[in-house]
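*Asks:* Line by line, the protein sequences give chains U and E.
Numbering-wise (my numbering), the first sequence opens with residue 1 and increments by one.
Numbering-wise (my numbering), the second sequence opens with residue 1 and increments by one.
The hints are simulated quantities; they were obtained by calculation from the structure and are not laboratory data.
Partial list, derived from the structure: chain U residues whose beta carbon lies under 8 Å from chain E:
hint: 1; residue: I14
hint: 2; residue: W24
hint: 3; residue: L25
hint: 4; residue: G50
hint: 5; residue: I62
hint: 6; residue: G66
hint: 7; residue: T69
hint: 8; residue: Y77
hint: 9; residue: V81
hint: 10; residue: G88
Here the structure is a predicted model, which is why all the values come from computation and not from measurement.
Built from N, CA and C at the ideal position, the CB exists for glycine as well.
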Amino acid sequence: MTTHHPKTPLKMGIPIPNSKLGMWLFLGTEIMFFTAFIGTFIVLKMGSPGWPTDVHVTHISIMAGGINTFVLILSSYFVVVAHDAILGQKFAKAWQFMLWTLLLGFLFLGIKGYEYSGKFAHDILPGHIPESDKQAMDKVVRKFGEIVQSRLDTALADTKLTKREDQKSELDTKIAEWKSKADLTEKEKAKLAEYEPLQQMVNEYVNMKEHVRNNWSMSFPLVAFDQYRTMDESSDDWKKKYDDWKTANKVEFDNGNLKDLKEYLDQDGKIGPVTLHEVNAKVVQMHADPKLAPLVSSLQESHPILYGNLFASNYFLMTGFHAIHVIVGLLMFGLVLKKGSKLCLADAYFVENIGLYWHFVDLVWIFLFPLIYII
Amino acid sequence: MSDHEHGGDEEFHSHGKLYFSIFLVLCCFTGISIAADLIHLPNRAMLAGIVLAVAVCKALCVMLIFMHLKFERAWKYLLLTPTLILAFTIPFALAPDVGMHYYTQTAPQIREFEAQQAAGGGHGGHGNPGGHDAHPAEAHPAEPEKTH
Numbered sequence: 001m002t003t004h005h006p007k008t009p010l011k012m013g014i015p016i017p018n019s020k021l022g023m024w025l026f027l028g029t030e031i032m033f034f035t036a037f038i039g040t041f042i043v044l045k046m047g048s049p050g051w052p053t054d055v056h057v058t059h060i061s062i063m064a065g066g067i068n069t070f071v072l073i074l075s076s077y078f079v080v081v082a083h084d085a086i087l088g089q090k091f092a093k094a095w096q097f098m099l100w101t102l103l104l105g106f107l108f109l110g111i112k113g114y115e116y117s118g119k120f121a122h123d124i125l126p127g128h129i130p131e132s133d134k135q136a137m138d139k140v141v142r143k144f145g146e147i148v149q150s151r152l153d154t155a156l157a158d159t160k161l162t163k164r165e166d167q168k169s170e171l172d173t174k175i176a177e178w179k180s181k182a183d184l185t186e187k188e189k190a191k192l193a194e195y196e197p198l199q200q201m202v203n204e205y206v207n208m209k210e211h212v213r214n215n216w217s218m219s220f221p222l223v224a225f226d227q228y229r230t231m232d233e234s235s236d237d238w239k240k241k242y243d244d245w246k247t248a249n250k251v252e253f254d255n256g257n258l259k260d261l262k263e264y265l266d267q268d269g270k271i272g273p274v275t276l277h278e279v280n281a282k283v284v285q286m287h288a289d290p291k292l293a294p295l296v297s298s299l300q301e302s303h304p305i306l307y308g309n310l311f312a313s314n315y316f317l318m319t320g321f322h323a324i325h326v327i328v329g330l331l332m333f334g335l336v337l338k339k340g341s342k343l344c345l346a347d348a349y350f351v352e353n354i355g356l357y358w359h360f361v362d363l364v365w366i367f368l369f370p371l372i373y374i375i
Numbered sequence: 001m002s003d004h005e006h007g008g009d010e011e012f013h014s015h016g017k018l019y020f021s022i023f024l025v026l027c028c029f030t031g032i033s034i035a036a037d038l039i040h041l042p043n044r045a046m047l048a049g050i051v052l053a054v055a056v057c058k059a060l061c062v063m064l065i066f067m068h069l070k071f072e073r074a075w076k077y078l079l080l081t082p083t084l085i086l087a088f089t090i091p092f093a094l095a096p097d098v099g100m101h102y103y104t105q106t107a108p109q110i111r112e113f114e115a116q117q118a119a120g121g122g123h124g125g126h127g128n129p130g131g132h133d134a135h136p137a138e139a140h141p142a143e144p145e146k147t148h
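So here's chain E without its partners, still in its complex pose (with noise of 0.2 Å):
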């Protein structure tokens, strides 16, 4: 709980109907995230941007709440400012080289990915030959077999 509720010797006031109106809250947007998946957005950049805001409104949901951040005084920036920073510093330093590719890669996966559109778009695009045959008792007679 915040400080002032820590205090002692003042009144306490129960949160239980802010804290239920908040799980409610998390609920609906877990249900969005869902819904989202669900319904089959046109493209999955929309898709990752909707579940990751939904993700980032839950996260400050439970974090402003929940973790009684709103509360708190203004140390919780001097504890947790640096810490953002350095967490967000570990993407932002490894998308260049790993995620984004300054120069050509040469990895095998990359060879049979462009054999695969070459071949005829990759089964759907979900990188993966033949790969809902990982359900062996599924078969699916219709999607041609990918030969070498």
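So here's chain U without its partners, still in its complex pose (with noise of 0.2 Å):
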């Protein structure tokens, strides 16, 4: 078969056309940008004892991530078949060859989508991750009081009140209001059906902040927090005047079992240390209530990451690069395909360019797979 490509000019220097000489040169770019990234992410993985390996807890997943490389080696073949088909002057065929190739590509971007999609769920971003017990603490508080904080706004609207605390009040205040009154109407008793599991969750919430802001155990009550406070610990009339506060204030802990203080302290004499585990098992309490869990269904578990948001930077930063050179391609592919019947062989060289560009997306993802899916 005899091609009837227009011969390259005769010129000084490289016998190559200028458009694969300048998409070589641009190709030499992006190894290097390339190489930055990955050799960045190999020496901080490194230099990270504790990086993170375990799939379950970064959310990649193998499968996911193999199928795509599959997807990308299938879109390679194809661009090579189809340029060859345009230099044997089959170009229905080198067409439909590309639109496979456009197809294939939009297949791994929606893959991606849906891994990205797992990433968010799980709030896996950079600088959302806990990397510690006591951050994964902080940030279930901090998410508990924003939804709070929503449903006090939404509830309470028609009282133009912001702030917390005045909402929490004329939260308490209409809920005791309306269990005095004999004879409630509808409307009331619609109401006080909303505030209570409001009120119940407020309480709940605040339990969590100030067990959590004070690094105590949370079976110690809320309620003795003053007094455990303002007792000298070291001496000996600090247990007879706790039980004097207890009697004057009638205070019931643990649905009425009235306990003594001294089974909250260790040997030390203090409150043991709020855990994570404590304040992730209240969670799934809340989860199980039936009154709390519609309102607090977005509150998480939480869990720490050793470097999750090191991991997360450079997951985003790696895949989100080779993911925006693949719409490149899409965008060029589209180019040549919006050609139809009209694409010749003089279209040959761009084609070629553009298969040289679509091989390189894949060569990025062939290192992209294994250091990210699988070591």
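Build the complex: two chains, separate frames, hints provided.
*Replies:* This is how it looks when you write it as structure tokens:
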């Protein structure tokens, strides 16, 4: 078969068309661009003992990565076959192969989007990941606070109150008022049914926040916080003072089971620290409560991931830039496909150049797949 | 395509069969990478060695055949050698400072990791205290929870 490809004009220098030279020079810069990311990733990983490698932690799907690898390899094959076809002047065939490449590129982005959605759903995002138990507890409290504020703003929108303390006070006042009334209107009954779980949620929030802020075990009742703070633990009479205070305030802990403060103290006379296990257990408990569950459904347990933020930054940087390159490649294939039946031998150079670009995109993924998904 | 095929008057030979065989080889290499992960090799270094070696082989297949470097003339060395030298310089330049540490690190993550190790192996060496629980729906009661 004879090609009628226009001859490259004789010139000094490298014996390839300028466009191809330009593409290779561009790919040279691209190699350095991606090697910088990949090299940095490897070096950071080397220098970070405890880097997250468990796919259940990082929400990396080897299956999705493997399928995407196959998709890119197949698309690379179609590109090279399309170029082969265009040189053989089988233009319709070449057009079809490039269409397949385009579709496979979209499939790649779709799978990547699915993976990204998992990262967003589990908040595996740079700067969002707790790296210690304390950070994980703070994250739960902060998220809980946002939920509480949002629920209060919605429920008490007509009161124009914006401060959380004022809203809570309004809630308590209204509930007390309605509970003391003998006959409630239907509207009041409905409001009471709406406000009571809200009040319970706010109380749970305050309870969790104070325990985490003070770093006191959640088994130690919130109601005893102030008293504990004022007691001099080293003195002999602190126990008596505590008993007096309990009697005076008619304090009942743990659903009526009055316990001695000493039972909450460790051998050094201190209250044990709050643990992430306690905080997460509280979240689970609220999810199991039929009244609270609808209100706190978006509150999730939190678990630290050591170097999770560095991992997420690297992951999104590398895969994000790769995805941008895929999109650019698809745009270029779109340009060629737009020609439709006008595709001709003169387009062979352009097809070759975007083919080179597409193979490079495949090449980058060939290294990203084992580095991110397997190792 | 390589220079000689763009020459114009010479006969065009399709490389369809070669491309298809390379495609199959690439699929096999991908399968090897996934299999190496699934069979749970005794150590991570071995896994890393295998999958990176496979990645290099795949990259060579793509560059030599799909990107036609095998058929190109010597200009490819002129163009790619400086690029590759510069590219590989980056990790080697960063490694002593960031990756290997000639000084004592004081990052909070290091202290956390050491505390995990002291407390009992850092949850399977994943560097992730209770990290499996990133699945909120999944409970792993058998694994003790880490406390301060």
